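The sequence shown: position 551 = 569 (the numbering used here), numbered continuously.
Hints listed in this document are in silico derivations from the structure and should not be mistaken for laboratory results.
Since the model is a prediction, treat every value here as computed from it, not as a measurement.
Honestly, I wouldn't trust all of these hints.
[To be verified] Label-pair distances were calculated between CB atoms; the ranges are:
id, residue 1, residue 2, range
1, GLY704, GLU629, 28 to 34 Å
2, LYS137, GLU677, 46 to 52 Å
3, GLN623, ARG695, 41 to 47 Å
4, PRO152, ILE186, 28 to 34 Å
[To be verified] Here are the simulated BS3-like pairs of lysine-lysine, each with C-alpha atoms no more than 27 Å apart in a straight line:
id, residue 1, residue 2
5, LYS210, LYS316
6, LYS656, LYS633
7, LYS210, LYS459
8, LYS316, LYS193
9, LYS268, LYS229
10, LYS458, LYS401
11, LYS632, LYS684
12, LYS268, LYS256
13, LYS268, LYS656
14, LYS427, LYS395
15, LYS294, LYS229
Heads up, the beta-carbon is just placed ideally off N, CA and C, and yes, glycines get one too.
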Amino acid sequence: MVAISRSNVRRVRRVNGGGGEVLDVLIDKIPYMSQLSSADRLLLLCGLALLGTVAFASYFLISGIFAGSATADGGKAKDSDTRLSPTDRMGVSDQASLHRSDGNRIFDDWDVSNSEMNKLKNISLPHGSFFFGPDSHQVDIPESDVFDPSASWSSLQRELLDDDSDAINVELEKKRCASYDFGFPDFTMPLKRRRLFYGALISGDSAEVIKATSMEQYNIYHTVSLIESNSTHNLSPKKWRFFGSEDASKELNWLYQLFGPKTKVSMDYYIPSLEKGQESDAMYLDYYQREGHSYRWKFNGMRPDDIAIIADIDETFSRDFLRALQICDVPQFRPGQSCRAPKVYASTLIFESSPECAWKTKNAILGECADQIGDTKLHPPTKRDRWESHGTRLDYYGHDNEYTYYDTKVLADLNIEGQGPLWLPHEMRVESFMGQRVTKKDGSPTGYHFHNFFMSTEEIIFKYATYGHADKKARKKKSIRYIHDDLMMAVMCTLGKHTEKTESSFENPSVSWLANDDERKNVTKPLSPLAMAAADWLEEEEDELALYWDRYDVAKKSSSKEQPQSTPPQPLLDTDINTTTEERLDRYYESRNIDRGVERQHATQIKHAIETSKKASSADEAIQLLTPIRQYLQYNTKLGGNAYFGLAQALDASDQVDEATDIYEKLASSPHIEIRRKSRELLAMGTSRRKRTYSRNVWNWFWDAC
């Protein structure tokens with residue numbers, strides 16, 4: 019038998035009278051515990067911690083069950099009140115509650131864990147449920163959240179946006195209509211502006227984009243219907259952005275005010291009932307979510323002579339074109355439409371990640387042809403491929419403008435000819451060309467699309483990995499430019515490598531967001547991080563070069579004759595064949611201000627300090643371990659960068675925020691992509707969140723010890 023002294027196997031040794039020694043003194047005073055070795059004490063403490071965790075979890079689980087039962091019972095009292103009509107309880111008529119639900123009555127007791135959301139008016143459809151919040155004219159915004167978007171406008175922007183007077187300038191409007199080849203209304207009728215009802219989905223779109231599109235639309239729309247979901251198109255769960263927290267309320271109050279005081283802005287919520295994998299085409303989740311717009315428009319009093327506009331939140335018609343749609347004689351907006359080809363398209367200027375990366379679509383139809391607004395007796399429902407009344411129109415039932423079966427199997431039985439069905443919101447976007455594309459005579463665009471203006475490259479990757487036709491391999495691809503052609507175009511454009519095959523331009527683009535007093539000569543609008551990622555791409559290529567040199571160093575030290583396998587990117591290498599590899603290596607490190615001599619001499623000491631600091635039981639202990647080797651570190655090397663990163667985290671947790679921030683800022687330009695990425699992420703966080711990040715590291719150490 020081999021005897022083992024347990025007192026010598028403690029995993030972590032506390033230094034300078036740390037918390038571990040104090041704990042040992044306290045434990046020694048407990049009967050029996052004083053007889054245990056240090057290892058046995060650690061095992062006992064781990065067991066007690068696990069037991070406590072189980073006890074707390076059980077308590078909260080049981081409490082949640084009772085609380086949920088109480089909420090459910092309380093919520094049903096209102097739903098079962100027979101004194102209230104469906105209109106009073108839900109905001110929709112009894113007829114509407116049956117329509118478009120396959121004969122099933124819409125109800126408002128959908129099982130939702132959040133009781134506050136359950137108080138909202140809601141409807142249930144075969145694919146999910148909609149919860150309708152109040153609009154901006156129904157809420158009292160706290161004084162601390164009130165702001166005026168126009169306060170930051172330039173004088174040129176004010177001039178462009180100063181057109182919302184109730185008085186109509188007839189001569190100006192005639193010129194406007196003529197510029198689009200539209201006629202002018204017959205003076206036998208009073209001249210008035212049509213009401214515009216807008217619908218868009220919203221998720222992680224950047225504030226800068228929302229400000230850009232809302233500025234173009236300021237005080238124009240009657241209603242702005244925005245819908246958020248708690249899942250992506252491939253049914254991956256996501257947190258609510260505009261519901262359920264104080265930050266969400268503040269952001270929602272901000273959104274309520276962006277479109278102007280004359281506009282009713284609403285935020286509604288969609289919860290799909292489908293299981294992951296149940297829907298074969300992820301785009302259908304987009305289609306289902308958009309169905310909520312027509313219900314919101316109906317709640318807000320949309321009439322058949324109003325105009326429905328469907329877009330994404332990063333898209334907008336030009337302001338001038340929106341004004342034209344309100345006044346001009348647009349053939350698609352005349353009463354008595356068949357609704358077979360009711361759409362008006364924009365010729366759209368697309369900004370790909372940056373105002374400087376633009377290339378060459380938004381749709382409007384008459385309310386008379388919109389679902390929930392038009393008359394189903396004149397426009398009988400067609401057949402679609404999901405539950406018959408949802409999803410995409412079937413072939414020959416209106417899909418791709420082909421109505422053969424709709425004519426013979428639907429209209430013929432009703433003795434109707436030439437009519438088309440009402441349009442679901444998503445059909446206003448995705449159905450093939452059924453209407454008129456409008457271009458202004460001077461060649462300027464009639465719409466704008468601010469595409470991929472995200473706040474981080476991670477958000478861009480998340481979008482392409484979970485929305486639309488999701489790319490499951492998006493996260494694994496070497497660079498964002500390989501994920502989608504749009505991203506390739508954005509990266510190449512930002513690098514100044516324009517490609518004629520993917521780009522075309524308009525003669526006179528004029529968008530309010532880009533307007534300044536010097537006619538955009540000195541425009542300094544912030545670019546999206548996708549544009550910055552283009553620069554990161556070059557750095558990634560340099561990372562490959564650095565890895566090449568690292569392999570060269572290893573091969574040289576081991577006297578290996580084997581050549582490195584990869585070839586460094588040619589643009590970054592000196593093409594002079596007389597330049598030796600050693601000279602190129604020295605030149606590379608010199609260009610990065612890297613002096614690896616001192617760091618190499620103390621590499622073993624540095625690595626030991628890094629590993630030991632990871633096992634430290636407190637931030638102060640980690641600082642004590644890393645401070646002595648700081649004199650040997652370089653920010654631009656991988657070893658030095660990792661050591662500085664660990665030190666910055668410990669300084670953060672020890673309330674030495676300024677010094678930590680200074681280190682993060684230097685590491686944010688590190689040539690090593692992982693160090694650079696993590697540093698930028700932490701810089702974007704608040705200090706409290708950065709502390710919690712370090713706290714999680716400490717807990718990871720504790721569980722590893724157990």
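So, going through the hints one by one against the coordinates:
1. Separated by about 29 Å at the C-beta atoms, GLY704 and GLU629 satisfy the suggested range of 28 to 34 Å.
2. In this structure, LYS137 and GLU677 meet the distance hint of 46 to 52 Å, their C-beta atoms being roughly 48 Å apart.
3. The given range of 41 to 47 Å is broken by GLN623 and ARG695, whose C-beta atoms sit roughly 27 Å from each other.
4. The hint said 28 to 34 Å for the Cβ distance between PRO152 and ILE186, and at roughly 31 Å that hint holds.
5. Taking the CA atoms of LYS210 and LYS316, the gap is near 21 Å; set against the 27 Å cutoff, the hint holds.
6. Between the alpha carbons of LYS656 and LYS633 the distance comes to roughly 20 Å, so the proposed pair stays at or under 27 Å and holds.
7. For the suggested pair LYS210 and LYS459, the alpha carbons sit about 24 Å apart, so the restraint of at most 27 Å is met.
8. The hinted pair formed by LYS316 and LYS193 fails the criterion: a straight-line CA distance of about 33 Å is larger than 27 Å.
9. A hinted pair counts as satisfied when its Cα atoms are at most 27 Å apart, and LYS268 with LYS229 qualifies at roughly 16 Å.
10. Between the alpha carbons of LYS458 and LYS401 the distance comes to roughly 37 Å, so the proposed pair goes past 27 Å and is violated.
11. A threshold of 27 Å between alpha carbons decides the hint, and for LYS632 with LYS684 the separation of about 22 Å falls inside it, so the pair holds.
12. The hinted pair formed by LYS268 and LYS256 meets the criterion: a straight-line CA distance of about 19 Å does not exceed 27 Å.
13. The straight-line distance between the Cα atoms of LYS268 and LYS656 is roughly 41 Å, outside the 27 Å bound, and the hint therefore fails.
14. Between LYS427 and LYS395 the CA atoms are separated by roughly 16 Å; this keeps the pair inside 27 Å, and the hint holds.
15. For the hint pairing LYS294 with LYS229, the CA-to-CA distance comes to about 34 Å; that exceeds 27 Å, so the pair is violated.
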